[in-house]
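Q: Turn these sequences into a full structure, and let the hints guide you.
Going line by line, the protein sequences match chains A and B.
Here my numbering is used: the first residue of the first sequence is 1, the next is one more, and so on.
Here my numbering is used: the first residue of the second sequence is 1, the next is one more, and so on.
Hints are supplied without guarantee of correctness; some may be wrong.
Derived lysine to any residue pairs resembling SDA-like cross-links, with alpha carbons at most 20 Å apart [stated by the list, open to error]:
(1) B:551 with A:528
(2) B:211 with B:284
(3) A:548 with B:405
(4) B:25 with B:281
(5) A:408 with B:360
(6) A:261 with A:28
(7) B:452 with B:369
(8) A:545 with A:531
(9) A:408 with B:343
(10) A:551 with B:369
(11) B:452 with B:295
(12) A:67 with A:263
(13) B:545 with A:531
(14) B:551 with A:406
(15) A:519 with A:531
(16) A:551 with B:521
(17) A:351 with B:343
(18) B:408 with A:395
(19) B:2 with B:25
(20) B:222 with B:136
(21) A:367 with B:551
(22) A:372 with B:552
(23) A:372 with B:551
(24) A:408 with B:338
(25) B:367 with A:339
(26) B:545 with A:535
(27) A:548 with B:524
(28) A:408 with A:339
(29) A:351 with B:348
(30) B:548 with A:521
(31) A:519 with B:553
(32) A:2 with A:259
Don't read these hints as lab results, they were simulated from the structure.
Given the structure is predicted, the values throughout are model-derived calculations rather than measurements.
2 protein chains.
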Amino acid sequence: MKCAVGVDFGTLSGRAVIVDVTNGKELAAAVHEYTNGVIDEVLPGTELRLDPDWALQDPNDYVEVFKNAIPAVLKESGVDPANVIGVGIDFTACTMLPTRADGTPLCFLKEWRDNPHSWVKLWKHHAAQPEANQLNAIARQAGFGKILARYGGKISSEWFFPKAWQILNEAPDVYSAADRMLEAADWVVWQLTGVETRNTCTAGYKAMWSKTEGFPPAAFFKALDPRLENIVDEKMKRDLLPLGARAGGITEQAAQWTGLKAGTAVAVANVDAHVSVPAATVTESGRMVMIMGTSICHMVIGENEEIVPGMCGVVMDGIIPDKPGFEAGQSCVGDHFRWFTETCVPETYEKEARQRRISIHQLLEEKAASQKPGASGLLGLDWWNGNRSVLVDVDLTGMMLGMTLLTKPEEIYRALIEATAYGTRLIVETFQKNNVPIRELVATGGLPDRNKLLMQIYADVTGLPIYIPEATQIGAVGSAMHGAVAAGSAAGGYDSIVDASLKMARLREESYQPIAENKVVYDTLFAEYVTLHDYFGRGENDVMKRLKALKICQA
Amino acid sequence: MKCAVGVDFGTLSGRAVIVDVTNGKELAAAVHEYTNGVIDEVLPGTELRLDPDWALQDPNDYVEVFKNAIPAVLKESGVDPANVIGVGIDFTACTMLPTRADGTPLCFLKEWRDNPHSWVKLWKHHAAQPEANQLNAIARQAGFGKILARYGGKISSEWFFPKAWQILNEAPDVYSAADRMLEAADWVVWQLTGVETRNTCTAGYKAMWSKTEGFPPAAFFKALDPRLENIVDEKMKRDLLPLGARAGGITEQAAQWTGLKAGTAVAVANVDAHVSVPAATVTESGRMVMIMGTSICHMVIGENEEIVPGMCGVVMDGIIPDKPGFEAGQSCVGDHFRWFTETCVPETYEKEARQRRISIHQLLEEKAASQKPGASGLLGLDWWNGNRSVLVDVDLTGMMLGMTLLTKPEEIYRALIEATAYGTRLIVETFQKNNVPIRELVATGGLPDRNKLLMQIYADVTGLPIYIPEATQIGAVGSAMHGAVAAGSAAGGYDSIVDASLKMARLREESYQPIAENKVVYDTLFAEYVTLHDYFGRGENDVMKRLKALKICQA
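A: Here's what the structure looks like:
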């Protein structure tokens, strides 16, 4: 039996799986928590307090995942390392760090360790917002709007160049000392293989690279800041490897860390959401993958590189080689419900849940499930954390209407679920209107197994069937699939991710089919949602932004 | 020392006070709960279940108040009944019943007792909505719109003629058997005095009477239903007594019930909110009295009978003789906060309140008080129970916007308070724009003593100072003042309610003055409120009504 190992680097921990290459069966899984986790208060080893928008990580925590989680899955599965043909990894992005030319993170060096800019900037580090704002403004003024259009009209502060620019602005000495700036995704592959590579996914979605245009020209970077003019040539790499390509083989040292054989194929780095798409059986157009957790990532493969308003990005080769990969997002889904249960659920409900030994979410789901669509009279806008797609506006806020003196908590809870479903439908329709077909949904992430009511509402609201992939560790399994592709068919793997997906990924038999009578009611409610979405979100009444500005003054 | 007794008939109980006529000092108070309370489930003595919109009462409960509460205050105060110069009463309205010519309620008679239409229809009996809708439609079609204009454009289902018409429609035999249909207010005065009288207040505010036009003409009633053509002459009375007039003297029987001397002057009946105005020191134009509880009643005395959009009514002689009395209303104030604490406050807050031995309202008030205006970013529309003034629309519902993942319960609580304050400001400004001056507010009812934050917010939002009357039992004290006027100056009382108010009513020293820096922020927020108020309330987006209609279909 040939196997592959996948490692999924999350926000708080890394997770390894080992899978059977012939059928994708998960033989063992292990999680290793990062010792330093998310560094957002005090820089380790110092008394330096970080500003509220900061979020750092320690690259050593990633190496510890290799040293602990891979040996654990080998041991648990009993697989002979000689039968492991390939390794793949996926990572959060953009999670980036400055290193020396040999890959040593600057934060490993005594002279830089006390400077927070030498550490890894985690995806949710938001302190580069001024740089992002400036970048967007300059890009529009200086005639680079076409680049922005590929990203829904706006580059996020979470992405590569705002973060790199923040280092230059606030710690020019760190910037100078960095021979490289790169995604942690690429950095961990470098640690396994000793080979410095770059992948098309993070370059395309986070660093403005396009297959036809490459990175933005030096003139663009010069317009931002003359010192950035040559950042690509000075700190990055122009030659990228396609997803599934072999980055190199496991080094002797990495073999010692992991227990794998030296020389085992390692795939080029990838991103958590993107690696999940083939693991969810999707390698062609027509089916949207939704990775549903605190937020939703919507991943779609297309035929042509269309410009879709409000998407997070369209990247040729970004998910599957030779196809455009589209990404869209909803900023607040699971977070919404957690806010609600923590902030708005009365004591009587908590008591009932405890007595019945169920979670408060289960209780609310049960109570909400007995209601018909429209029976609460409530309608919400799901903007508690702003709106990513399709409005790309962080200054929008939540709205709920229809409350009466008889409105119950489970009705508000259901209205919040419905609001996120309307948000998804708007994204689906925006793709469809822009020549990116979507006929089915495939849902993965934490939510689908936790809330059946939510899944049925999404099917009813969108009018599309929803399928669930079998893989439970979808990111890690997707990475293992890419490892099998890096190994190639000659070694018992596959020559393309399409082949790997066909053999290694499956859907569950269980699915959610739209209920026609609910769909009719939701069509009506969705029309109301769209009217309010446009009224509050497209400039007719910018009250949310004015209130937010006032709030900042009065805080 | 000359004294007067006031009896305030509420929804669940009657409350008596005895006051010193020279200075209004409350010497004793007593409450008597109604045995049958609000009859809204099963008709007493039967198994007949009432429909959800029904709300009845038992007239015997009113007599029991006289028999219990008046002796109690005489005993507690030690006042010699010979020194009680007058009695006044106030009542909820329109609370009406059918009786025989001698005043015997039909529900006291065996033959009618099992018919719910023979009982008292309480103010909040809402089952006459079809009749109210028809009345409003016919009045507009048949050219009686001018009458409606005095009532904000719409007659409520709570008022006299819809209720009488419902009896005719659903129980024509009860309608025929009723020699009289009258307000319970007038009925209790009849029980005390043996004299059948009617007052200008309930006639004006609840039965479409006007000092210059009288009741609507027979043609109007005929247009509703030919059988109603002569309802005024057949079941009612055209000669009304002004407020404070002597209806009669205590009968021998009533003397036995109450312990008062036979012949003691009894004032004509009055209404709770209206009797509170002179008790709150207001007998002239320029000051609005707000009776703040589950809802707010706004009472204003004017100089001319202006038509003010959305008011509940303007009645010459309706509050003070020879002056127009204006009434407006907000349907949902205290109810709002109760809904919130029961539905939306998390267990951690309940625990904190218990540990600190304070109420949940106190805890929320304390937490909300530390916020600055505008600091939450929230804005609401206070329509959880529809909108009375100025939109007169029961189909509007609540709205809240500005929520983020950091929004806290106390911020929503404060936003609900603010929303009701914006509603009050809109009412104040509507009066002002229609030539009814308002320069100060006088607040009474349950809320002012319970929530100082709320009072300060109302002062800050309206930009008007708010004063609080000294009287704690404002309705009963106002009734006692009218009793002193019925007695007249010759007996040691007063010849007008203006004189009585001057001597017997006082304001506390404590007041709420607007804070200029808060007012500036609230001016901005109020402008946003008005925009949303008009968008959702004046037809630009009738989403609330469409959702309510859908809700009824899907319930």
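Q: Please verify whether residue 551 of chain B and residue 528 of chain A have alpha carbons no more than 20 Å apart.
A: With a Cα-Cα distance of about 14 Å, the restraint between residue 551 of chain B and residue 528 of chain A holds, given a limit of 20 Å.
Q: Is the straight-line distance between the alpha-carbon of residue 261 of chain A and that of residue 28 of chain A 20 Å or less?
A: Since the Cα atoms of residue 261 of chain A and residue 28 of chain A sit roughly 18 Å apart, the hinted pair holds (cutoff 20 Å).
Q: Would the pair residue 367 of chain B and residue 339 of chain A pass a check requiring their Cα atoms to be no farther apart than 20 Å?
A: Satisfied, since the Cα-Cα distance of roughly 19 Å is no more than 20 Å.
Q: Next pair to validate is residue 551 of chain B with residue 406 of chain A; report whether the Cα-Cα distance is within 20 Å.
A: holds (13 Å)
Q: For the pair supplied as a hint, residue 2 of chain A and residue 259 of chain A, is the alpha-carbon distance within the 20 Å limit?
A: holds (16 Å)
Q: Holds or violated: residue 351 of chain A with residue 348 of chain B, Cα cutoff 20 Å?
A: holds (12 Å)
Q: Between residue 408 of chain A and residue 339 of chain A, does the CA-CA distance stay at or below 20 Å?
A: This hinted pair holds, its Cα atoms lying about 16 Å apart.
Q: Is the hinted pair residue 25 of chain B and residue 281 of chain B satisfied, with a Cα-Cα distance of at most 20 Å?
A: Holds, at about 14 Å.
Q: So if I understand the rule, the pair passes when the alpha-carbon distance is 20 Å or less; does residue 408 of chain A with residue 360 of chain B pass?
A: It holds: about 19 Å lies between the C-alpha atoms, which stays within 20 Å.
Q: Does residue 551 of chain A pair with residue 369 of chain B here, judged by a C-alpha cut-off of 20 Å?
A: With a Cα-Cα distance of about 16 Å, the restraint between residue 551 of chain A and residue 369 of chain B holds, given a limit of 20 Å.
Q: Quickly compare the C-alpha distance for residue 67 of chain A and residue 263 of chain A to 20 Å and report which way the hint goes.
A: Holds, at roughly 17 Å.
Q: Holds or violated: residue 408 of chain B and residue 395 of chain A, Cα atoms, limit 20 Å.
A: Judged against 20 Å, a Cα distance of about 18 Å means the pair holds.
Violated hints for the displayed structure: none, as all numbered hints are satisfied.
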